[in-house]
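Asker: Residue numbers (our numbering), protein chains in the order written: chain A, 22 to 278; chain B, 8 to 289; chain C, 224 to 550.
These are computed hints drawn from the structure, not numbers from a lab.
Hints should not be assumed to be uniformly reliable.
[Claimed, not checked] To give an idea of the interface, some chain A residues facing chain B are shown, with a C-beta separation under 7 Å as derived from the structure:
| hint | residue |
| --- | --- |
| 1 | 62 |
| 2 | 63 |
| 3 | 67 |
| 4 | 194 |
| 5 | 204 |
[To be verified] Stretches of chain B that chain A covers, calculated by requiring three or more beta carbons in the stretch to come under 8 Å of a beta carbon on chain A:
| hint | stretch |
| --- | --- |
| 6 | 50-62 |
| 7 | 79-85 |
| 8 | 212-225 |
| 9 | 230-240 |
Since the structure is predicted, the reported quantities are computational estimates derived from the model, not experimental observations.
By construction, the Cβ of each residue, glycine as well, lies at the ideal position given by its N, Cα and C atoms.
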Amino acid sequence: MTLAAQVGHIARRSVRRTIRQPANVIFPFVFPMALLAVTSAGLNPATKIPGFPTDSFLAFFLAFPFIQGALFATMNAGTDLARDIQSGFLNRLALTPMRGGALIAGQLAGIATMGFVQAVFYLAVGLAVGVHLASGVAGAVVLLALATLIAISFGSLGAFFALRTGSGEAVQGLFPLLFVSLFLSSMNLPRNLIEIDWFRYAATVNPVSYLIEGIRSLIITGWDGQALALAFGIAALLGIGSLAAGAWALRMRLTRT
Amino acid sequence: MTSKRSDRSLPTDERAKPARPGGGTGTGAFWSVAFALAWRILHNVFTTPSLLFPSLVFPLFFFTAFAGGLSRVDNIPGFDFPNGYTAFQFVFVLLQSAAFGGVFTGFGVARDFEYGFARRLLLAAPRRTGLIAGYALAALGRWLVTATLLTAVALVAGMQIGGNGVDLFALYALALIVSIAGTLWATGVAMRFRTIQAGPVMQLPVFLALFFAPVYVPLNMLSGWLHAVASVNPATALLEAGRSLISGSPEHVALAYLAAFALAGTLAVWALRGLRSAERAG
Amino acid sequence: MNKEHGIEAEGLVRTFKGGIRAVDGIDLVVAPGEIYGFLGPNGAGKSTTVHMLTTLLPPTAGTGRVAGYDIVLEGPKVRAAIGAALQEAALDNLLTGREHLRLQCALHGISRAERRRRTDELLDRVGLRLAADRKVGGYSGGMKRRLDLALALVHRPTILFLDEPTTGLDPQSRSALWAEVARLAREEGVTVFLTTQYLEEADALADRVGIIDHGKIVAEGTPDELKAQIGRPTVEAIPRDGTDPAAVARILEQFGEATGGSPKGVAVRLEHGASDLAGIVRALDAETIELEHLELHAPSLDDVFLAKTGRSLEGAGEEVEPEPESV
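If we strip away everything but chain A, and leave its shape as in the complex, we get (with noise of 0.2 Å):
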């Protein structure tokens, strides 16, 4: 059997196995657009601070719910890989001709189908309402495009941590980490305006916050290329870093000859 072949079995199972747990379709879905709509409609006053790049705090915090539902695929990933270890299902996949490669690469792949369809959600929501993109058609595309390899990076990062750990709870850990990153970025208000000196630092320094400005600038700016290099850069990196790292994590998890 071809490694793409391999690779597709293991997706769908991944898939399968997402729309079966109501708690990892809801969230995902229902929670970044309740948080749009009363964060977008209590900070909309925020607008009216001299500076800020748009007359609609919507717009402006559309690219929230992308970089959250990243999140919630790299908990999802974590988590239904470390079931996988320790109810021994792994040790089933690997005395099946299964290649390890497969085995990320098809976890990765359901990850990338859910983070995509997720976008692409995000993104009909944000337009039903009213939300104007300012890169037009070819940035929405650029939009998913970045989006799912946010959630890909994302989710290779939940890989790594369920393959060295073996532990769900070990994965859990994992949120509150990422949620910091979250809230400690340009997420609610641009970096310049940020008022608190350590804060903004923070932010600065924080990776995520690129992701978020790259999404954003798609939507608020038009075509930014140094906040679209800088957030498909990011991406990359951390995506290409974490699956190295999931790779050697399987590697000293799948002892097999």
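With chain A fixed as given, assemble chains B and C onto it according to the hints.
Answerer: For chains B and C alone, kept in the frame of chain A given last:
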């Protein structure tokens, strides 16, 4: 030597009698169940970092992100809260941590049911309503630690407090009732669904109730649908009363307490009916 | 030996972090079509041995060949020839039984048409056709074990590894599994390597038994051969109500050392075999001790274990085999 209990040749009045279960089924039993369960949960939480960490850390993150990251909001024309944005957000995060502390406890209830431990509790407890009280006590215990930490961090961050001791006591007492209400809600959900998959059902309504309120700016600065919803949301009353207490100008506190007690009372019935549902399921 | 079906191990060793020697030099040969029972308490090294022979864990030292292939150098070929139902049922609660089988078939490269046919065949074989489209999370323990076995058979292996397959099962499910295992060996010539901590399972199923303790094989042979080596039966006496069990024990212990028996009984392993029985009856009679029941038991595999290790197999397992982290 054969035990008296097993010797069927003895007349019935000479045979050993089974020991009476401790505590009977009265008020004593209720509290013994409640305290025993609360002890177990608090012991588990405070000795398991993965359980303790989220309930301590999340409120701090929210506080940091809102009070720190959004501090410029108090420059918006129309924002006139006298004690600064830090105090403004502190009240929200305090109430949020109380409510979500209850939700985290609900997760624990759901886990107990999913892994079978709840069955052991139901079998052992002479007064099963004490279990609900136990979960609520545990949530309170966790929240008190969270509230202490949050207050300390806010003070270090330079929060200005306008209220006196009575005002602050009233603020924390209000949050305490919110914590109980959050626990009752989540416990009721957990006992009905009896699975961790019910997490979103516990979280989402609490989240919506809190966030459909003047979280970032005062009510008079909101507009559109959010202003309409927030105006009728009981959480708004709690939030605004809390903010008035911390600023030393208490307003509509009685109304807030009435809303809090009414909520807790309603959710107590919800939780009790959830318990009956769990009992029926076996 | 027909190298296509057998198992050989020579000096297999597996050490874990902290110097734990879970398997300490195992030599064994399993003939094709044989059911080999690997009997030992918890923590003896059974699962670790299985993990090595199924290529999931490389040995620290020693060699092994399964189906004629080296377990270290020819791992993929070994895996193609074996099926394994390991200690955990290792199932995905969110997938149905049918989906499990289809996935397993697909990963073994079985064609789409053949997958459907093979899935149905195995579901019928293990009696899960009606439950096939239910999620495994709703299966009973026995159903999970049956599915586990079906998954191990998907690609028609010539060698089957079963790691404590009936632990936690009710007697009916256990008997059904035994019947299927025996049938596989008898009718399809599958070589079965079965680990167990249950004496009666090894006794009932295995053609030959290897008894493992602390990572070493302490005895090996057919169940009858092993019992014959010990040759010492046990007598158990159940005193009548009102009779002092200590008095019965005093008498019996003159004829052998005390051993475990039923809760109400007193049991000793006879020093000189069944010929002591008459002496026991006379001694009891002389003391006017009344019994409800007196029984002579032939040696069991537990007796063999006791003789070889000084401990009884039941209750001997206190340690847990370490998690397979490499050294």
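Asker: Quick check: the stretch 212-225 of chain B, covered by chain A? Criterion 3+ residues, Cβ under 8 Å.
Answerer: holds (count 8)
Asker: Tell me if chain A covers the stretch 230-240 of chain B under the three-residue, 8 Å CB rule, please?
Answerer: Answer holds; 4 residues pass the 8 Å Cβ test.
Asker: Does the nearest C-beta of chain B fall within a distance shorter than 7 Å of the C-beta of residue 62 (chain A)?
Answerer: Holds, because the Cβ-Cβ distance from residue 62 (chain A) to chain B comes to roughly 4 Å (cut-off 7 Å).
Asker: Hint residue 194 (chain A) vs chain B: min CB-CB distance below 7 Å?
Answerer: It holds, given that the least Cβ distance between residue 194 (chain A) and chain B is near 5 Å, below 7 Å.
Asker: Given residue 67 (chain A) was flagged as interface, is its beta-carbon under 7 Å from a beta-carbon of chain B?
Answerer: At about 6 Å, which falls below the 7 Å cut-off, the nearest Cβ of chain B leaves the hint on residue 67 (chain A) intact, so it holds.
Asker: Is the hint on residue 204 (chain A) kept, meaning its closest Cβ partner in chain B is under 7 Å away?
Answerer: holds (4 Å)
Asker: Within the stretch 79-85 of chain B, is the number of residues with a Cβ closer than 8 Å to a Cβ of chain A three or more?
Answerer: It holds: at least three residues are needed, and the stretch 79-85 of chain B offers 6 whose Cβ sits within less than 8 Å of chain A.
Asker: Would you check chain A against the stretch 50-62 of chain B, counting CB to CB pairs closer than 8 Å, and say if three or more residues qualify?
Answerer: Coverage by chain A holds for the stretch 50-62 of chain B (4 residues, Cβ < 8 Å).
Asker: Report holds or violated for the interface hint on residue 63 (chain A), using the least CB-CB distance to chain B and a cut-off of 7 Å.
Answerer: holds (4 Å)
The earlier numbered hints are all upheld by this structure, with none contradicted.
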